[in-house]
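S.K.: Full structure from sequences and hints, please.
The residues making up each chain are set out below.
There are 4 protein chains.
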Amino acid sequence: MRIGLLTSGGDCPGLNAVIRSAVLHGIKSYGDEFVGFKGGWRGLIEGDYTEITRHDVRGLAREGGTILGTSRTHPYNHPKGGPENIAKQMKRHDIDAVIAIGGEGTLAGAKRLADDGVPVVGVPKTIDNDLKATDYTFGFDTAISIATDAMDRLRTTGESHHRCMVAEVMGRHVGWIALHSGMAAGAHAILIPEQKVDLDQVCEWVEQVHSRGRSPLVVVAEGFIPEGDDEALAGKGHEADGRPRLGGIGEWLTGRIEERTGIETRNTTLGHIQRGGNPTGYDRVLATRFGMKALDLAHEKAWGHMASLRGTEIVQEDLASALDGLKAVPAERYEEAKILFGR
Amino acid sequence: MRIGLLTSGGDCPGLNAVIRSAVLHGIKSYGDEFVGFKGGWRGLIEGDYTEITRHDVRGLAREGGTILGTSRTHPYNHPKGGPENIAKQMKRHDIDAVIAIGGEGTLAGAKRLADDGVPVVGVPKTIDNDLKATDYTFGFDTAISIATDAMDRLRTTGESHHRCMVAEVMGRHVGWIALHSGMAAGAHAILIPEQKVDLDQVCEWVEQVHSRGRSPLVVVAEGFIPEGDDEALAGKGHEADGRPRLGGIGEWLTGRIEERTGIETRNTTLGHIQRGGNPTGYDRVLATRFGMKALDLAHEKAWGHMASLRGTEIVQEDLASALDGLKAVPAERYEEAKILFGR
Amino acid sequence: MRIGLLTSGGDCPGLNAVIRSAVLHGIKSYGDEFVGFKGGWRGLIEGDYTEITRHDVRGLAREGGTILGTSRTHPYNHPKGGPENIAKQMKRHDIDAVIAIGGEGTLAGAKRLADDGVPVVGVPKTIDNDLKATDYTFGFDTAISIATDAMDRLRTTGESHHRCMVAEVMGRHVGWIALHSGMAAGAHAILIPEQKVDLDQVCEWVEQVHSRGRSPLVVVAEGFIPEGDDEALAGKGHEADGRPRLGGIGEWLTGRIEERTGIETRNTTLGHIQRGGNPTGYDRVLATRFGMKALDLAHEKAWGHMASLRGTEIVQEDLASALDGLKAVPAERYEEAKILFGR
Amino acid sequence: MRIGLLTSGGDCPGLNAVIRSAVLHGIKSYGDEFVGFKGGWRGLIEGDYTEITRHDVRGLAREGGTILGTSRTHPYNHPKGGPENIAKQMKRHDIDAVIAIGGEGTLAGAKRLADDGVPVVGVPKTIDNDLKATDYTFGFDTAISIATDAMDRLRTTGESHHRCMVAEVMGRHVGWIALHSGMAAGAHAILIPEQKVDLDQVCEWVEQVHSRGRSPLVVVAEGFIPEGDDEALAGKGHEADGRPRLGGIGEWLTGRIEERTGIETRNTTLGHIQRGGNPTGYDRVLATRFGMKALDLAHEKAWGHMASLRGTEIVQEDLASALDGLKAVPAERYEEAKILFGR
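Chains A, B, C and D, in that order, give the protein sequences.
For the first sequence, the UniProt record's numbering gives the first residue as 1, with consecutive numbering after it.
For the second sequence, the UniProt record's numbering gives the first residue as 1, with consecutive numbering after it.
For the third sequence, the UniProt record's numbering gives the first residue as 1, with consecutive numbering after it.
For the fourth sequence, the UniProt record's numbering gives the first residue as 1, with consecutive numbering after it.
Among these hints, one or two may not hold up.
Intra- or inter-copy, both count: the list cannot distinguish identical chains.
Calculated pairs, DSBU-like style, for lysine-lysine (alpha carbon to alpha carbon, straight line, at most 35 Å) [claimed, not checked]:
(1) K338 with K327
(2) K338 with K301
(3) K38 with K196
(4) K327 with K80
(5) K80 with K338
(6) K91 with K338
(7) K327 with K301
(8) K38 with K338
(9) K132 with K28
(10) K80 with K196
(11) K38 with K28
(12) K301 with K80
(13) K132 with K338
(14) K28 with K196
(15) K338 with K28
(16) K80 with K91
(17) K132 with K327
(18) K38 with K132
(19) K196 with K88
In case anyone wonders, no lab produced these hints; they're calculated from the structure.
M.R.: In structure tokens, the structure reads:
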């Protein structure tokens, strides 16, 4: 087969490992040829691609980012998009199948294309861990690793100054990064979009910890909204295009905690470092296995399906199941974490 | 309740995180008291313990090792061991339950004690990932992380000198560390105890890679035995007490590869650095959740049971299931990895 | 001797290593006793201290922060401060000498006290590397290490999205952190307080890099002021107490670059993670040697002097020399770095 | 100018950063052209080289190893070597100058060639820090960083098991890596080639630490020879080609300590991971500055000279001064470290 690869959506450590393993598996096991579309769906729609040889994927398991580039182009919204044009492009360039690596939006596009007869399979990608169709995705573990390391550093400074430290992590709609990195770092409060918590409660946790002579660490997901403070937060949050506005929730919260408790408080917004750089060993293994599975799916003509992790196994899932709403942090996982808050 | 904790067997990143979360959960949710037995079962048998307060577990989520110390004492083999003495010790010191954190041997002891009426629950611990009763254990991810990082370093040196690099990792009976770290590092051959591979095959992989102008990376688990070479290996391997002998399999293999292929080859035996130091975020989360679950099991009087990871959930397993033979790397996982060998 | 230690000013990796080595050296070589003043000069002024034994400094070489806590109290501005009260406190508690570990302000206070007859020696501390009296201080290398690692991550994301990435690092008055971390990360522009650069120049560098198909990385010290834009920046920068205001120079610059060049641009403000956590090996060695030297200075009654690094040697410097203005980045070092900008 | 670059001797983190900065500086400041000789002097002697463009050095500041490859070929010992042939090769390929990056042997060769009229300048490279002609070389800080991190891990395992841990680090002739990494990790004994220490003394230090309930950490350079034990060590050490024999000094010492003290003792030989992988920020800055200086030296026709670090400045040194014997650890530096041994 002659297979086209594309990476779409936000950057994520492990994309290159997927590309590498799909290509190596295809060349070795099936004698496949590969092309890489540049800048996600745009490359496919515009026929902008490059051949990918074994040499091109050399050493990629450990490299962050994507050699193909990425964009937020949607296969149906682009002026030249849609299944007919895409099928035409594939035919013109003699491409038998597309492996689309991306998040919810990408997989939704892939599903719709497959339903419209385009031979597409998917690989799920999200550092946010917000897809129901898989236990975990690559990129999430790297984000946890980076955030945990950063919080370990914040804690020593907090203790030296007897300050409260606030760390704002990624997670506009779900709180998985905050939950796991906060638990790993021993945070005294974790605030996530799925759970309303009011400022009084946050300040109570902070004060409990401070009164024991310790320095409170508060982890907040960028999408958290404090209960009863929607107004205060109006105009906060994010731009339409997903870019954080000046002074996100971390900054806002820092001011409120200091104001109410009188405890010196400092914010750090971890930002883009959470989604770049070399993937962890965990993410490289997962991405490598996903890449091989996606290649197998293409050979099985399992269009409209994607690779997925269930327990320790890589299985196949219908892309439809990836699109059935975001995977929120369940209430019981938050309750579990909450046991360690405060005091 | 008044609960005793013990850590037993080889060191493992995450032990302190288990201790911390069990203690914090117990104090906060149930008003429990805690003691820590020193040096594993020995401390329990000899009544050598210390009280553990909230202050003692402060900051422990990130610390490697175990504040309780560990040993290889077995609860039945110790002269003063056995269920009656242990029950007596618990009564004397007013201890209602024991949480035993350890590997296969420890859990077997815990199971037998529970069967003999001692109130014990377990937490599985093995950096080797060799327990069937849980998807993963804490410590494994940290070992992968350390080994992967080391191999990334070996590769640049291999490339600079056009050498073959051999990395010997832990895994006397199972090859999980070799499999995952080798896949993460893009190894060209992975050799594990579960799979017989002969030297001709290894050298063929090495030569394929070298002939493409690249530097082969061979990852070998300490317990790997090359097919047909038992004799050559006689006297190699490990001492009765588990200590590696001078010149383990990595050294041996390095000599053979160089001899047969004429390619300059170097060995690095990663050794004890794989099991020490700060746990990864992944392992901290898992250990923290295990600690809380074990505490709940004690309150549920689920004696003879242990915490276990299944998919993304922490569940309870009968300790008997932990003892049903080692969890070997399945043939299909090795075949999956093998796709990327050689060439 | 009975010696008091204090740490003062902002947190800095290596403070604990200084404390440890001074204490171990004193106990072993001279039979000294040690106390630690809590919260910097405040502890000395108020007689708030604790005995420090060998046990207390165990394992401290690798720990970030300071076990003594720190504050910004000045020995002369505190209501009960001044040389007479301090001498009285020292006499009351039988303390023969003080080792003051801190930055410019701390060392100025130490100098003045020594001139007023109080037996004080100093250890220089600044992550900013802004002291003329020593080649380097501990904490600086750790800050470079953290910032470089963060920028490595930002670069992969920049490349994946063909974005310009801006990284704001510490350095309100001097640009050493920006200079070294930017050079280490291969930045395409480095902007520091010592050098006026106008926006046109910055945008030209950014466009040169972007036009070659690469993703520009711009590193900016928090204290940089673009030429001719003082007005635009009015109200930006920092609060009186040193806390960054919402939207520092990194945010501001990001907006301007995007506006003018049309290239998608993102800011990351590294913030407090640059000054916390475990010190690098380099900083541990330097801090350890400083601690031992300061102890020797106390025994030599070299009041008003401090430990200093010159080349590879630890020497003694008059505290007066530490206070002779900030050590700015010399023009020739900036010119050297500039060779690699743009294009 | 048209300038040839070569890297020679053992691998070292920072080689690629030297190449990159020399090339970028040359292209931008002087309009130079560059070629890279493959495999050190061999490439020069045999005319085996490749053009190096700006594109080829992209992203190299952070990459370990050398894109040019390396070897131990000597410019005078190779059958086709010697100044006449080399000059002829340079003329044939229109090369005006050579920048040779390497250790003592390489720089000796460069000096002799320069004396014989070949236009060569040098860049010092050694992870061992054994060159008198410069305060530090790139690669050393990375080695310290890796070794320190490994020892931090060994310590937690030592403490958990109440064992003595031995770490063997690089340093066949000088003990700088052992000295700095041991001091950084808080080692209880550091053993280096420059200082004779007998086993009784080592065991006394180990026992002092163990008797306080702590776990001794012993750091030994591979070239250390215990006093009075030359016989016992006969046959130990290294092969003629520099490869460690089975069971180096670390293994040997581990056996002796356990034998004499009865304390369970374990060895870890860090090996090749010390010289591979991404350089630290410190080493990237130093290597970058060295590369730019070497390029300037070529334009100044300062043949027979090399870049050198003195304090914080990059200066020029005669290559002769690089060859005036190894830079050993001075006795006073060992005495300084020794203060923290034992107890």
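S.K.: None of the hints should be skipped; say for each whether it holds.
M.R.: Tested hints:
1. Taking CA atoms no more than 35 Å apart as the test, K338 paired with K327 passes in both settings, with 19 Å inside one copy and 34 Å between copies.
2. Taking CA atoms no more than 35 Å apart as the test, K338 paired with K301 passes between copies only; the shortest distance there is 23 Å, against 45 Å inside one copy.
3. Neither within a single protomer nor between protomers do K38 and K196 lie at most 35 Å apart by alpha-carbon distance, with minima of 41 Å and 39 Å respectively.
4. Within a single copy, K327 and K80 get their C-alpha atoms as close as 32 Å, which meets the 35 Å cut-off; across copies the closest is 52 Å, which misses it.
5. Proximity of K80 to K338 under the C-alpha cut-off of 35 Å is found in neither arrangement, the shortest distances being 50 Å within a copy and 41 Å between copies.
6. In this assembly of identical chains, the alpha carbons of K91 and K338 lie at most 35 Å apart only when taken from different copies (33 Å versus 55 Å within one copy).
7. For the identical chains of this complex, K327 and K301 are neighbours both inside a copy (28 Å) and across copies (33 Å), given an alpha-carbon limit of 35 Å.
8. Taking the shortest Cα distances, K38 and K338 sit within 35 Å of each other only across copies (30 Å), while inside one copy they are farther apart (44 Å).
9. Proximity of K132 and K28 under a CA criterion of 35 Å is satisfied in both settings, with 32 Å inside one chain copy and 33 Å between copies.
10. For the identical chains of this complex, K80 and K196 are neighbours neither inside a copy (43 Å) nor across copies (47 Å), given an alpha-carbon limit of 35 Å.
11. Within a single copy, K38 and K28 get their C-alpha atoms as close as 24 Å, and across copies as close as 30 Å, so both meet the 35 Å cut-off.
12. Only within a single protomer do K301 and K80 lie at most 35 Å apart by alpha-carbon distance; the minimum there is 26 Å, versus 59 Å between protomers.
13. In this homomeric assembly, K132 and K338 come within 35 Å of each other (Cα to Cα) both inside a single copy, at 23 Å, and across copies, at 30 Å.
14. In this assembly of identical chains, the alpha carbons of K28 and K196 lie at most 35 Å apart only when taken from different copies (22 Å versus 52 Å within one copy).
15. With identical chains, the CA atoms of K338 and K28 are at most 35 Å apart between copies only, with a shortest distance of 11 Å across copies and 49 Å within one.
16. Taking identical chains as interchangeable, the C-alpha atoms of K80 and K91 lie at most 35 Å apart only when both belong to the same chain, with a minimum of 16 Å there against 56 Å between chains.
17. For the homomeric pair K132 and K327, the shortest alpha-carbon distances inside one copy (5 Å) and between copies (28 Å) are both at most 35 Å.
18. Taking CA atoms no more than 35 Å apart as the test, K38 paired with K132 passes inside one copy only; the shortest distance there is 28 Å, against 44 Å between copies.
19. For a Cα distance limit of 35 Å, the shortest separation of K196 from K88 qualifies neither inside one copy, at 49 Å, nor across copies, at 49 Å.
Of the numbered hints listed earlier, those contradicted by the structure are 3, 5, 10 and 19.
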